[in-house]
Amino acid sequence: MTANQAKTSLLYWAGVALGPLAWAANLQGVYAIIHLACEKARWSGIALSILLVLTSLAGTVISGYATRRHAGTEWTDIAGGGPRTFMAWLGVGTGVLFALVIADQLLAALMISPCLR
Amino acid sequence: MSMAAEQRDVRDDALHGLQLAARLESIWRTPPGLTGALMSVDHKVIGRRYIVTAFTFLVLGGLLAILMRIQLSGAENRLLSPDLYNQVFTMHGSTMMFLFAVPVMEAFAVYLVPLMVGTRNIAFPRLNAFSYWMFLFGGCFLWISFLFNVGPDVGWFAYTPLSSLQFNPSKRADVWAQMITFTEVAALAVAVEIIVTVFKQRAPGMTLDRIPLFVWSMLVTAFLVMFAMPSIMVASTTLILDRLVSTRFYDPSSGGNVLLWQHLFWFFGHPEVYIIFIPATGMVSMILATFARRPVIGYPVIVLSLIATGFLSFGLWVHHMFVTGLPHLAAGLFTASSMLIAVPSGLQIFCWIATLWDGRPVYRTPLLFVLGFIVIFVIGGLSGVMVASVPIDTQVHDTYFVVAHFHYVLIGGAVFPLVGAVYYWFPKICGRMLSERLGRWNFWLAFFGFNIAFFPMHILGLMGMPRRVYTYTLEMGWERLNLLSSVGAVMFALSFAVLLANAIYSLRKGTPANDNPWDASTLEWATASPPPPQNFDRIPIVTHREPLWADGDTLPVVAGLSAERREVLLTSLAEAEPQIREASPEPSIWPLLTAIATTIFFIGSIFTPWAVLWGTPPMAITLIGWFWPTGSKEDEE
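Going line by line, the protein sequences match chains S and U.
When we follow our numbering, the leftmost residue of the first sequence carries the number 1, and every step to the right adds one.
When we follow our numbering, the leftmost residue of the second sequence carries the number 118, and every step to the right adds one.
Worth flagging that the hints you see were computed from the coordinates, not collected in a lab.
Note that beta-carbon positions come from the ideal geometry of N, C-alpha and C, so glycine has one too.
Watch out, some of these pointers could steer you wrong.
Unchecked claim - Which chain S residues face chain U? A few, computed with CB under 7 Å, are given here: (1) ALA41; (2) ALA79; (3) GLY93; (4) VAL96; (5) ALA108; (6) LEU110.
What the hints assert, rightly or not - Capping the alpha-carbon separation at 25 Å, the derived lysine to any residue pairs in SDA-like fashion look like this: (7) U:LYS288 - U:THR298; (8) U:LYS317 - S:ALA79; (9) S:LYS40 - U:MET350; (10) S:LYS40 - U:LYS288; (11) U:LYS288 - U:PHE613; (12) U:LYS288 - U:LEU201; (13) U:LYS288 - U:PRO199; (14) U:LYS288 - U:ILE720; (15) U:LYS288 - U:ASN203; (16) U:LYS288 - U:ASN266; (17) S:LYS40 - U:PRO199; (18) U:LYS317 - S:LYS40; (19) U:LYS288 - U:MET350; (20) U:LYS317 - S:LEU10.
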């Protein structure tokens, strides 16, 4: 695999990687800054979640771009045989799904005071 | 490879038909006799042992469940003392989770994954043998301790401070903690083997989007095992250290934290549920495709769901800790994750229903169990969404509602597909068909027995009956529902007796199975039933996601592997393009000896810290023996 191919193949995996990473960062990040959010920066958790929803969706966009530009026309449906396009489509779906999960957690952050125990 | 070795290297393209089969069989077979059996590194032999051992533990754990149901069938029963009851429910939970559910899924993977990906043995076959012995010794250690009244009595999650030395001065909690170490070592070993086998030993042409869904599910599961198990191993080891050498990890008076135990345990414990459930979904996808007579609809969606479920499973653990006084926002975050994990599970269920809808279903026993799974798992999933909500969870926490929920999820979500899988793959593993008539009895007994046993527990929980009570008074009004539940439990147990009877009868008198009795589409059905030691005379080439349906009797093959030594073909990760030929290890006694040395080390170290000192040299010696070059063909470059 050439360096260019390796770089390109990263695009296919972007959504698969970015979505879960963004969600994990949101879960742990908002959890970790609850005390800070309560005492000083009430909107910090919300801002973090919005940023990470966008990060997850960025994974979707990058993988979607890869399916159009780089993955070729190897989407051969039931027979399989197009692993790059396959992974890119997985990236598109994963990015959306995890953006949904982060958005759901954002709703929790909007509704529940970080000071409430 | 040296020139001399090159000259005598006969490849399989030089041989044909019976001559090739006989040559490969002589190379790959397990040596005869007891010594040969102890040395075996054949994934099929080890897989069968794993399956039989895990089902033996299922029977033992099931007998404990029946004991508990007899005890609870009436108010103020005195069959079991409170102390024994504590041991019984702990042994039941620990046996089912650590000695049955996880190992049996890995056992099927050990047997099936190499066949499904078209290779001749699993990666690291000696590690595979070692993992089986560790699992066996760990299970025996737990059960022998129980027979000597040293069975753990701290629940399957052994919360501190209950499991600390102060409240549990005997060796019971140590036995539990060290059993964890045994089984986790075994599970981690299998996970490594599965990942490497799937990534590097797939048949040429089996690109990422042609991998059978069961293999995908096991790949995701293996990653879950790799990331979840270290957490519990750290927890159990630190617990032993607290108890043995007076460290203070869980002692708040010295700066420790009891809640740390819950975090470490559930960071493993919740993914554990998916470690059990995800392989079952793989089994469901395989069975559905075969009996619906069409490929599963939404292959990419199912793979996406498996991966997403795998990730999300690591973000739910705090929902087991909603009543520990965490900030509400933190609980809210985990509620969100817990509810949203229903999305990938729902996607899979819609794909399966669509497959049935669009197919031409043949309602044989494996499919019946899959249909039972869908019904029961959906009910369990709905009660799961309920307990993901903090207010509801706070009300029903530690009641029988939760017991009902997790049995619906675990038995419905894993055991029903598993029994379906037994009916489905029994012909491949044993060469004979299971009785369809007994299979239907088995299914209906299991379906009604299960629901009669566990549905009333929802109501009992809402009535306030707590978990882990050894009895209750008549005035509580729980007696009738408990009796009904116990009747259901006996019916459910009978269904397993029918399964056992069916297996024993069919092994002797069942209809002989041909290579592909269900007309299935994946590679394990492309070889004999049961498969020969070498799995395939020639490695198949995969040109389609459903190779046997696409290529039928004319499956293309590759040639060129050695017919002189054990050898497997390594391929690239994404495209499965052939890369190199790799020697595969021969039978060896060292994995067994290493497991024995490790067992002595592990058991000794719950009694004295000096075991670390005197237990290490035997392990080192056996490992040196394991890896010492023998001059055999497997050592040739």
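TODO: Below or equal to 25 Å on CA atoms is what counts here, so check LYS288 of chain U against LEU201 of chain U.
DONE: 15 Å, holds
Open item on the list: Checking one constraint from the list: CA of LYS40 of chain S to CA of MET350 of chain U, max 25 Å. Satisfied?
Closed with: 38 Å, violated
Open item on the list: With the threshold set at 25 Å, check whether the alpha-carbon distance from LYS317 of chain U to LYS40 of chain S stays at or below it.
Closed with: Given pair LYS317 of chain U, LYS40 of chain S is violated - Cα atoms ~52 Å apart, limit 25 Å.
Task: Hinted pair LYS317 of chain U and LEU10 of chain S, Cα distance within 25 Å - done: Between LYS317 of chain U and LEU10 of chain S the Cα gap is close to 20 Å, so the pair holds against 25 Å.
Open item on the list: Need the status of pair LYS40 of chain S, PRO199 of chain U: alpha-carbon distance at most 25 Å?
Closed with: Given that 25 Å is the threshold and the Cα spacing comes to 51 Å, the pair is violated.
TODO: Take the C-alpha atoms of LYS288 of chain U and THR298 of chain U, compute the straight-line distance between them, and say whether it is at most 25 Å.
DONE: 15 Å, holds
Task: Distance restraint between LYS288 of chain U and ILE720 of chain U, which requires alpha-carbon spacing of 25 Å or less - done: 11 Å, holds
Open item on the list: Checking one constraint from the list: CA of LYS288 of chain U to CA of ASN266 of chain U, max 25 Å. Satisfied?
Closed with: 10 Å, holds
Open item on the list: Holds or violated: the hint that LEU110 of chain S contacts chain U, with Cβ atoms closer than 7 Å.
Closed with: This interface hint is violated because 10 Å lies over the 7 Å limit.
Task: Pairwise hint evaluation, ALA79 of chain S against LYS317 of chain U, where the allowed Cα distance is 25 Å at most - done: 21 Å, holds
Task: Hinted pair LYS40 of chain S and LYS288 of chain U, Cα distance within 25 Å - done: 49 Å, violated
Task: Evaluation of the interface hint that places VAL96 of chain S against chain U, nearest CB under 7 Å - done: Not OK, violated: VAL96 of chain S not within 7 Å of chain U, min 10 Å.
Going down the numbered hints, you'll see the structure goes against 1, 4, 6, 9, 10, 11, 17 and 18, while the others check out.
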